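Listed in order, the protein sequences are those of chains F and R. If you read the first sequence in my numbering, its first letter stands for residue 26, the second for the next number, and so on. If you read the second sequence in my numbering, its first letter stands for residue 20, the second for the next number, and so on.
In short, the hints are calculated from the structure, not lab data. Keep in mind the model is a prediction, meaning the values are calculated, not measured. Watch out, some of these pointers could steer you wrong.
[To be verified] Just so you have them, the derived chain R footprint on chain F, three or more residues with Cβ under 8 Å: (1) 255–266; (2) 438–451; (3) 696–708; (4) 777–783.
[Stated by the list, open to error] Straight-line alpha carbon distances no greater than 20 Å define the calculated DMTMM-like cross-link-like pairs of lysine to aspartate or glutamate that follow: (5) F:Lys745 / R:Asp143; (6) F:Lys673 / R:Glu109; (7) F:Lys745 / F:Glu652; (8) F:Lys239 / R:Glu109.
Idealized CB from N, CA, C, for every residue including glycine.
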Amino acid sequence: MLHYLNQDDVTRPKPVSGIAVANVSRRLFLGGSAAGLALAAFQGTAEAFPRWPHGGQTMPNGVRNDPLIFVKLHVDGTVTLVAHRSEMGTGSRTSIPMIMADEMEADWNRVEIVQAEGDEPKYGNQNTDGSRSLRHHIQMARQIGASIRQMLAHAAADRWGVSATEVIVENHTVRHGGKSAGFGDFAEAAMALPVPAFEDLSFKSEDQFRYIGKGEVQITDLRDITTGSAVYGADVVLDGMLTAVIARPPVLGAPVDAVDDTAARAVAGVVAIEQLPVSMPPAKFSPLGGVAVLATNTWAATQGRDALGISWGDSPHSGYDSEAFMAEMVETASKPGVVFREQGEVDKAFAEAARTFGQTYTQEHMAHAPMEPPVAVASVTADGAEIWAPVQSPYACRLDVADALGLDAEKVRVNVTLLGGGFGRKSKHDFAIEAALLSKATGKPVRVQWTREDDIRHSFMHTTSAERIEVALDAENKVTGWKHNSTAPTILSTFAPDGGQQFFIETGMGHVDMPFDIPNVRCDNGKAMSHARIGWFRAVSNIPRAWAIGSFVSELAAELGKDEKAMWLELIGSPRIVDPKAEGYPDNFWDYGESYGAFPIDTGKLANVLDMAADGIGWGRDMPEGEGLGLAVHRSFVSYVATAAHVKMVDGTITVPEMHIAIDAGYIANPERVESQLQGAAVMGMTCALHSAVTYKDGAADQSNFHDYEMVRADNFPEKVVVHAVPHGFGVHSTGVGEPGVPPVVAAIGNAVFHATGQRKRALPMGASI
Amino acid sequence: MATLDINGVSKELDAPADMPLLWAIRDLVGLTGTKYGCGVGLCGACTIHVNGVAERACVLTVSDVEGQTVTTIEGLDDDGEHRVQQAWRELDVPQCGFCQSGQIMQAASLLSETPNPSDEEILDAMQGNICRCGCYQRIVAAVRVASTGS
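Next comes chain R alone, as it looks inside the complex (with noise of 0.2 Å):
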């Protein structure tokens, strides 16, 4: 058995040590807003926080994140409000929105850490998680947007 404390709530899982957080959180826990995209950390479709930090749930498993605190994309805002969603919402950023989930949570946390990221720093955060309808332009537009409001 595995303790995990996701969006504020404390699951008790019986996960194997080895059992990739993603499919703790998608199979065990039932939270499905996170992605399955490549399974080894390339796609950033499944990006949780990890004390309120970007991770790939794919490559790290339930042990790790043991007497931590994570986040999916269910819990970024009680009410789906937080200021990236809100962004997203306001440029349209989505196609197929399958990947969208990982990239709002990659976002999440570039403004968290750096609330005002220079071009270089969005391109440079948001380049692990692919999209492959192609939505970068509004996803990038989408970020300034999040960070200063235009």
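Just chain F, with the same shape it has in the complex (with noise of 0.2 Å):
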């Protein structure tokens, strides 16, 4: 449990260890930042520090800035931070740290990160999603670093009899004129110095810092990850810890009639089988139910689990057929539906219309596939439960497992591991409650190991979508109306009992923000039953609607004879800040969780961010038979991001070669694992267009491992993606970067698919070829 030390292990010097060293790169030299900066070579707040307001402060607890929270200083030099954030590979778990260590002038070779056990009280909100991360953390972490290097001052300046302002604080020294001396000599009376207020902090100026923005610090599970001694969820172990392989109902909600399990009471290691109480939505993250097979080693459980003979009940979801279900969203979407965005004369537009041109496209449900399926560890006790998971939101994990206990939040202790892999799916943390409720049942600890079947059957699934869009057109073929109507099943049957409509937070991403200077405009929704547990997937809702968007822009433009950058631009308009109010947005409209008045839609970076990807692809030249070039742009997540896709059939196989990827996210902190995001975006879009699909037929999940729900693999991948990154200064606050990399992807390698072949897709996944 090396790197998942015991928040208690903060107020503890500890050595520094091997792997503090190892994370620094062989290409990071630290030299070259400013000499000598005393107190007041830093710059006061208001220059340096323009305070965004942000969704963070109006999340569930918030941002919590104090320094003595965050930061441990050892009287050894070594500096403990702590990383609050899940790190499920977008690299939060490094650049958090790495900013407050900057900010305080911290050497990253004696900073040593411990991660946060589910706190929300004590941390502020640790729920890992929505790409928020960096965004809602990267002023507070410069606070807390700036707080420190001013409480190291003052201390240094106490005990020398000088003045603080003119105290030296440099790469891990404190000095003022012949006197110096470490971190690690102030440690104790640094501490102990009250706070400083923001007002009074001062921050280093942009060419002052020697971590933030370079991209040279590498992520601090490098070398553990590489010699296989990181710690993911499996691979915690407890004295005398049973594994438990859980046969799970196949049809959502189908309870338990009968269980024979004579033959896996037989197999050798198998120690006790227990039933879990079926739920049926809305059960929020609730176990899904079933039989558990326990036993001494995870493969005696698979073959118990496997030796079960169940008789399943009936559910209402038993009918739940992909084929029908999505030919009756086609035919509602066709109609209209709830009305959630009304600008201007729709129907009048309409009506007026020289002509009119509409496509309809759609989605199946995906998983989200984590290479670690889920998994977690669980010790109940007579005094309380302590689970071991690889969690996405730990203080909500926390929550649940008290309430599914009978227990006070104070007796429920979550540590978290390294995810492997998260993107929505580790944010419901069944599988740890399924551990806490069988280590409860059995009173040993218990691992509940989820196997890729169950994964894949048992997600909580992308919903499917039926995207209708239809334009009405004047005489000079300039587009006067638009209508969306987006019809999917909706998140909220997770919560609440299922109206078949889309919520404000789902209509937000992608539907009724579309960004086009269109003066008649409608976004309605028509009405989508649940049949299976539906969560979100990374980007969630923006994918369905940026590969309609993107795709219906193509199909447009080939419509009329127009070049297709030219028809986004067409549509995009003149640079301008959209004013929700007059375009018609709902009145709950939301925008990622942020105020709109700082991150409105800005229509400019749009266009800037296309431009970016195009130019970088080459747009406009002329491509060989069986190739072609695709574009598509899309806001999410306050991120604006253009992917130029190139697509080259190679027999009958699409294949794309090359992608660049534009993106606008504000301010960069770590531009290197931006750009590794960016490149699995490509990625996990390209699985996305060509394979993602989990069907169901009479209730049950068609797929259940990688034969039949397929991933990109290196035989074919975008080999070549080039990561271009809009410069900004620390002024243009950070926004997203995990997720709104994917959504443009899909729709740009359909464009280009199109281009390559003449064939339009209008169903995801494609297919691999053609």
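With the hints in hand, could you dock these two chains into one complex?
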């Protein structure tokens, strides 16, 4: 458990470990920073630190700026920094502490990171979701760093009898005149001082940054990952622990009528068999229920589970059939629905149109399929419960485990391991609740291990949708009206009785915020009931909406004989800040939890990233037979991302030899991780475009493992992905990165396939070959 | 009882003959660097070496490897400084990191058999190892770095 030390350990000095030393790249050379940074050399708050309002302040438990919670200076010079967000591959476990370290002038080689347990009253919001980690914590990290630097300076000033403004704090040392000391020498004195008020802090100017904005600090777990010692959920081993594998209802909500466990009990190593109550949505993150086989090892538990003879009862969802359901949704989307956005005179525009043009786009369910399937370890005793799990929202997990066990939350502790991928799946901690319930039932520590089949069949599915877009055109082929009916089962059905309608968070993701400069716009939503657990998948509803809108722009261009990029720019119009009220947005329009005034829709940024991506790929050049370029641009998570894809057909197979992704994400603190996230988005977007579908027949999922739920692999992936980030100073606040890369990739590939083959794909997934 | 020669150590295991090597390594030997991803040889997260050659531990049994040499990520290099591990760090390959033990073991096997693989040989060798985060660009580049030094 080297990296998941108890929070108590923050208060105890620890030696600098080899791991911390290994954090430094051989490329990382720390020279060249401004020499001699006395407090007076730092900038005041106003010029160096424009305080952006951001949605973190309105998240549950908000953002905490208290350095005493996140930092511990040790007398040996080690600086312990707490990472309070879950690490699932975005790099936030490195980036946020890196910002703290830079602003406090700590040497990254002497920084040690410990992972916070789930405790939001202490750490502030920990829900690692919604592309929020840097967006909501870049300011807090700088404030904490600056506080510690100032406290060190004051501690030195007190001891040396000099003015604090003349004390130099630089690269893990504190100096004045001929006096010099390490951080460790003032560790206790500095931590005992009052924490300065924000207004009294001074901050580094951007040219004084050592790590921020450089992309040279390697992820803190890099050495452990490459040596096999990094700790993920299944790597936690407790004495006497049993491993459980669970037979869950093949159809959502089907009860266990009868169990024959004779054969299961005969499997060597099987210790216990326990039933879990079957839940029916809305059940939030409650386990699905079923029959658990607990054994001394994973293989025995799996064998035992497979040997169970279970008669499942009926469920109202046993008729779920994806093919029939999709036909129904397509029909529904072609009719008027509940209107969420109404701008101008839409019916008049269509009645007076010289012509109209419409198409329908669809998407099947998707499972997240993180490489680490859901897994959790629980130890429930008379004293309380302790969980070790790869969860995206450890405090919510703690509350839900407490609730499931009938315990006070104070009696539950949730330790966060590394996440072997999350993508939204591990926001739903049903697997941790399963482990807690089974530990309580057996009186032993229990690890619940989901098999890959369990993961794909029983995910919290990305919704399935039908998107109908129609435009009205005048005699000059100018678009005068836009109608978009988005029909899809709602995430809300996981939390409340299913009304079959999208809610404001879903409609805010690429539906009502359609940014084109069109005078008459209607966005409506048809009814679609849920028959699977609906959850959220990286980028959520933005994927089907960006797919539909992005494909439609390309189709419209082809229909009107226009260039695709010119069509995009014509629809986006001249640069404007969208006025949501004037453009008929709903009163409850959701701008990713941000205040709209601080993060408005800026169409100039959309056009700019589109230009960047198009220029990168060489838009407009002649392509050989069987090759084509495609474009798409989409704003999500308050970032603007454009993708230009080059598709080349090879023996009927779709390949994507090159992709350019341009992003405007405000100030970028860790460009290296932004690049890796967008390279990854290219791959995941290609998987969504070509492969991803979980379909249902007789209520049960058809797919179960990577043979029928395929992934893009190394033999056919976007080999060249060039990332272009719009440069900004710290004054332009950071926006989301983890999710917004995916949506435009999907549409750009579809459009490039059209240009390469002449075939228009309107259903996701489009398949790997034509 | 079965005898497993793993990372240079001989282990007596109380494992049924049909237990997949993956679970013997993880649950009985206690080495957790080898990951479970699919259980049926489709993802490569559990890639280990048998006599120096990459194999999927989830589709071998303990009895399949009796008398043979098994190497896991923990035993690839005593100091964790195999050239593939170094290349992985140089190019900051991982995102979540979960599949990377398997990717590294696969790449190390490729390079021991084919020290200077062509692009096609790299892609062919690595296509059995899924990375859901999508680190393939850097994985392929890191194999090249490990092979050629650049």
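*If any of the earlier hints don't hold here, list their numbers in rising order.*
Violated hints (numbers, rising): 4 and 6; every other hint is consistent with the structure.
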